[in-house]
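Visitor: Sequence:
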Amino acid sequence: MPSESRALYRVGETFLRFDRPGVAVGVTQAISGELSMDVEQSTEGVFGMVRVDLSELTSDEPRRDRAIREQWLQSAQFPIAEFRPTGLELHAPYQDGQELPVTVHGELTIRNLTRPTAWTGSLILEGDTLRSTVTTQIRMTEYGFEPPSVLGVLRAEDEASIEVEIVARRDDS
1 MPSESRALYR
11 VGETFLRFDR
21 PGVAVGVTQA
31 ISGELSMDVE
41 QSTEGVFGMV
51 RVDLSELTSD
61 EPRRDRAIRE
71 QWLQSAQFPI
81 AEFRPTGLEL
91 HAPYQDGQEL
101 PVTVHGELTI
111 RNLTRPTAWT
121 GSLILEGDTL
131 RSTVTTQIRM
141 TEYGFEPPSV
151 LGVLRAEDEA
161 SIEVEIVARR
171 DDS
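Position 55 of the sequence shown, counted from 1, bears residue number 55 in full-length UniProt numbering, the numbering being contiguous throughout.
Rather than coming from a laboratory, the hints here were simulated on the basis of the structure.
Quantities reported herein were computed from a predicted structural model and do not represent experimental measurements.
Yeah, the Cβ is synthetic: ideal placement off N, Cα and C, and Gly gets one too.
Treat the hints with caution; some may be incorrect.
[What the hints assert, rightly or not] Distance ranges between label pairs, derived from CB positions: (1) PRO116 <-> VAL27: 23 to 33 Å; (2) PRO79 <-> GLU107: 34 to 44 Å; (3) GLU89 <-> ALA67: 17 to 27 Å; (4) GLY12 <-> PRO62: 36 to 46 Å; (5) ALA67 <-> ALA92: 40 to 50 Å; (6) SER3 <-> THR135: 15 to 25 Å; (7) GLY97 <-> ARG17: 45 to 55 Å; (8) GLU99 <-> SER3: 36 to 46 Å.
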């Protein structure tokens, strides 16, 4: 997966003193993996693994990043999140070069806890290149950690949106 790929999170957070809601966004391009897809057998035609190095996530706030690595996500101890696709639903007929709405089913592992997830978005398969953007919602507590909270200063929501943008090229070797 080339450097055009990236993963990001979005989490609602509230600065309590000002009762000001916002959205924290962290991003990484540390993505690797292999995918195999047969668009003619979409329900069973996707295999592989996508890995994201969570220790490389960065936001606009270095203190947040450090706290996420050390206290909440503990990405120094559990650096890799893995997604293993188990099924692909194409919501329109496949045509080379056309954007298709999709749902990708699979298992997401964070902090050694694996949960079933469904990702929705789109993909374009043009020649030897796959481009896909998919999003899912998770609850941090389902993966063994509480939402970030700094006493009297900040509180994050339990639900997080995870988005993955993948650019993959066929490897005929």
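Visitor: Evaluate each hint against the coordinates.
Guide: Right, here's what the structure says about each hint:
no. : hint                         : in the structure
1   : PRO116 <-> VAL27: 23 to 33 Å : holds, 25 Å
2   : PRO79 <-> GLU107: 34 to 44 Å : violated, 18 Å
3   : GLU89 <-> ALA67: 17 to 27 Å  : violated, 37 Å
4   : GLY12 <-> PRO62: 36 to 46 Å  : violated, 20 Å
5   : ALA67 <-> ALA92: 40 to 50 Å  : holds, 42 Å
6   : SER3 <-> THR135: 15 to 25 Å  : holds, 21 Å
7   : GLY97 <-> ARG17: 45 to 55 Å  : holds, 51 Å
8   : GLU99 <-> SER3: 36 to 46 Å   : violated, 22 Å
The structure fails to meet hints 2, 3, 4 and 8 from the earlier list, while all remaining hints are met.
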